[in-house]
Amino acid sequence: MDFKRLTIVVGHYGSGKTEISINYAVYIRQMGKEVEIVDLDVVNPYFRSREVRKELLEKWGIKVVGVEEKYVNADVPVISRTVYGALYSTEKHAVFDVGGDDVGAMPLGQYRHIIYEQDPEVLLVVNVNRPFTKDADSVIRYLKAIEEASKIKVTHLVNNTHMSYETTVDDVLKGLEVVEEVSSKTGIPIKMVTVKRDLVNLLPQIDYPVFPLDLYMKTPWDKM
Amino acid sequence: MAKVLMKGNEAMAEAAIQAGCRYYFGYPITPQNEVTEYMSKRMPEVGGVFLQAESEVSAINMVYGAGGAGARVMTSTSGPGLSLMQEGISYLAGAQIPCVIVNIMRGGPGLGNIQGAQSDYFQSVKGGGHGDYKLIVLAPSTIQEMADLVQEAFDIADDYRNPVVILGDGMLGQMMEPVDFDNVKKTRRNLPEKTWATTGRGNREHRNVINSLYIDPPVLEKHNYVLFEKYKRAEQNEVRYEMVNCDDAEVILVAYGTMARVAKNVMNIARREGYKVGLIRPISLWPFPKEPFKKTVDQVKGYLVVEMSMGQMVEDVQLATECKKPVHFYGRPAGMIPEPSVMLEKIKQIAGGAR
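Residue numbers (UniProt numbering), protein chains in the order written: chain A, 1 to 224; chain B, 1 to 355.
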């Protein structure tokens, strides 16, 4: 899959943006590029990419920026100026892990002029098993609200439909059907279908790249 | 509604709406904000009232008003907010007003932090407000159970005319799991009509008054006895718990909520290593389940209570076992998760060393 220097990952709340941001950054790293993750999530208190910053740095040499160390666990919407480093860099790639819904996408708006000049890839992550994005129309409503709040246009759709540890191939295909409808109604192309690595080989032939995910956001009992 | 993937906070809010809750009053606090957020979106859709109060003190008194008028009403908060609500909660219990109060615990004391913790056990179970009263306290450990118990909580509240607390921790509030709202597990009960509610006098002979003021000592005494008759009935009928692998257990882990899920995995690891370990998971924290301890106290070498606190539920376990067997404790405060390896080490010590 091709990628741009800047990738912005947006989506409705709980759609899977963080896992996709991390895995996508790892993919870019594996393609031989320097890459940073920009944690712009100021709406979620837990399960943010900053939580695995040490693991990502040690394992992949990927730095998580966007929040200063002393504010990592703070319950305040603070964004570090290190974001500008990622925005203006000419060598380093960056993946922006944005907060959920239009509310979470709002902080992105302040960078819109810089982002536009850079021709970014803007991925909208969709999980149709989430209660407010069950069908194409509701997904499109979220898409428009997120674009409005962030002042940035979505360039690609990502089907990340899953049901946590109960995910089946049917979930993925059901989601793909909805995402295809969104694509045909909006003209926005589908970038990829993301699935947990152990499901990849169970999927039938589909027309889009299948991107395997290794999960980083874990509950305490999953970490054992 | 087919199965959906939800955060614990969202699932509790949806469950409340499905239980007929049409009034929600609250004030935002992490890590339960998604309850408030979800309610603000869903309540208008179902013709209900969502109101963000100016503080938790206001929110709990709005609950008093709506509950007193007979409506199904809920509020949700976390530690600091629950502390502010204590006066109102005591009044609700005194005035016998049914309502559901969700507390998604975070690290304390004081402002503490926003990580999930279990250090509000005493406050919820022993009564954080003044006077002789009890709250029925339910502690889910999965998102499905959060949905189930919230719906049950509304029925229990109406059945006993008493506030019911859903006590979870931040991890449960924030994590996502599949939830099936079509197959919610709930006890069948014949709920009494709310003849006491302040719905306007109409053709009634008397005025309904919602109050917790009984200025005459013998009258207040009688009122307290009425409350405690209810609590006795709750102790007989509302005890809930789960026992896993206790039949042959020499060591039994005791944990609730998030901690029970960690404990269950530790139990399985210990079993693989040859230790007969079981788990008692209290679901109702009040009334506290004494039966599983009565059933097992003769057979075990000891219990290991694990909590995300400095040790609160452990005292109820000591009471339930009547100190017939050692009750050990391991916990960590501040949203730190007790280490599985330490739990395993302690299990081995209680069992009498390495095998």
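Hints were generated in silico from the structure; no laboratory data involved. For every residue, glycine included, the Cβ atom is placed at its ideal position computed from N, Cα and C. Check the hints yourself; a few may be wrong.
Said to hold, decoys possible - Listed below are the simulated EDC-like cross-link pairs for lysine to aspartate or glutamate, each with C-alpha atoms no more than 20 Å apart in a straight line: (1) A/Lys223 to A/Glu55; (2) B/Lys3 to A/Asp135; (3) B/Lys41 to A/Asp102; (4) A/Lys174 to B/Glu339; (5) B/Lys3 to A/Glu55; (6) A/Lys223 to B/Glu37; (7) A/Lys134 to B/Glu339; (8) A/Lys134 to B/Asp182; (9) B/Lys3 to A/Asp119; (10) B/Lys41 to A/Asp170.
Claimed, not checked - Here are some chain B residues pointing at chain A (derived, C-beta under 7 Å): (11) Leu5; (12) Pro31; (13) Met176; (14) Asp180; (15) Asn183; (16) Arg261; (17) Ile337; (18) Pro340; (19) Leu344.
As the list claims (entries may be wrong) - Here are the in silico distance ranges between beta carbons for each label pair: (20) A/Arg141 to B/Pro28: 20 to 26 Å; (21) A/Met224 to B/Ala334: 37 to 43 Å; (22) B/Val46 to A/Tyr165: 27 to 33 Å; (23) A/Pro77 to B/Val49: 43 to 49 Å; (24) A/Met1 to B/Val49: 30 to 36 Å.
Going down the list of hints, with the structure as the test:
1. Distance restraint check for A/Lys223 and A/Glu55: the Cα-Cα separation of roughly 13 Å lies within the 20 Å cut-off, and the hinted pair is therefore satisfied.
2. Among the hinted pairs, B/Lys3 with A/Asp135 is consistent with the structure: their alpha-carbon atoms are about 14 Å apart, no more than 20 Å.
3. For the hint pairing B/Lys41 with A/Asp102, the CA-to-CA distance comes to about 14 Å; that is within 20 Å, so the pair holds.
4. Distance check on the hinted pair: A/Lys174 and B/Glu339 sit about 39 Å apart at the alpha-carbon level, beyond 20 Å; violated.
5. Straight-line distance between C-alpha atoms of B/Lys3 and A/Glu55 comes to about 33 Å, which puts the hinted pair past the 20 Å bound.
6. With a CA separation close to 29 Å, the supplied pair A/Lys223 and B/Glu37 exceeds the 20 Å bound.
7. In summary, the hint linking A/Lys134 to B/Glu339 is not supported, as the alpha carbons are separated by about 39 Å, beyond the 20 Å threshold.
8. With a C-alpha separation of about 17 Å, the suggested pairing of A/Lys134 with B/Asp182 holds against the 20 Å cut-off.
9. Under the criterion of a C-alpha separation no larger than 20 Å, the hint pairing B/Lys3 with A/Asp119 is inconsistent with the structure, at around 39 Å.
10. Among the hinted pairs, B/Lys41 with A/Asp170 is inconsistent with the structure: their alpha-carbon atoms are about 29 Å apart, more than 20 Å.
11. Below 7 Å, beta-carbon pairs count as interface contacts, and B/Leu5 has one with chain A at about 4 Å; its hint therefore holds.
12. Because the beta carbon of B/Pro31 sits about 5 Å from the nearest beta carbon in chain A, less than 7 Å, this interface hint is met.
13. Hint status for B/Met176 relative to chain A: holds, with the closest Cβ pair at about 6 Å, below 7 Å.
14. Because the smallest distance between the Cβ of B/Asp180 and any Cβ of chain A comes to about 10 Å, over 7 Å, the interface hint for this residue is violated.
15. Interface restraint check for B/Asn183: the shortest CB-CB distance to chain A comes to about 14 Å, outside 7 Å, so the restraint is violated.
16. Interface hint at B/Arg261: satisfied, since its Cβ lies 4 Å from the closest Cβ of chain A, which is below the 7 Å cut-off.
17. The restraint placing B/Ile337 at the interface with chain A holds, with a minimum CB-CB distance near 4 Å, inside the 7 Å limit.
18. Interface restraint check for B/Pro340: the shortest CB-CB distance to chain A comes to about 5 Å, inside 7 Å, so the restraint holds.
19. Of the supplied interface hints, the one on B/Leu344 is violated, with its beta-carbon coming no nearer than about 10 Å to a beta-carbon of chain A, more than 7 Å.
20. Taking the beta carbon of each, A/Arg141 and B/Pro28 are about 24 Å apart, inside 20 to 26 Å as hinted.
21. Between A/Met224 and B/Ala334 the beta carbons are some 20 Å apart, a value that contradicts the proposed interval 37 to 43 Å.
22. Look at B/Val46 against A/Tyr165: about 31 Å separates their beta carbons, and that is inside 27 to 33 Å.
23. Range check, A/Pro77 to B/Val49: about 28 Å between beta-carbon atoms, so the 43 to 49 Å window is missed.
24. For A/Met1 and B/Val49, the Cβ-Cβ distance of about 48 Å falls outside the hinted range of 30 to 36 Å, so the restraint is violated.
The structure does not agree with the numbered hints 4, 5, 6, 7, 9, 10, 14, 15, 19, 21, 23, 24 stated previously, though it agrees with the rest.
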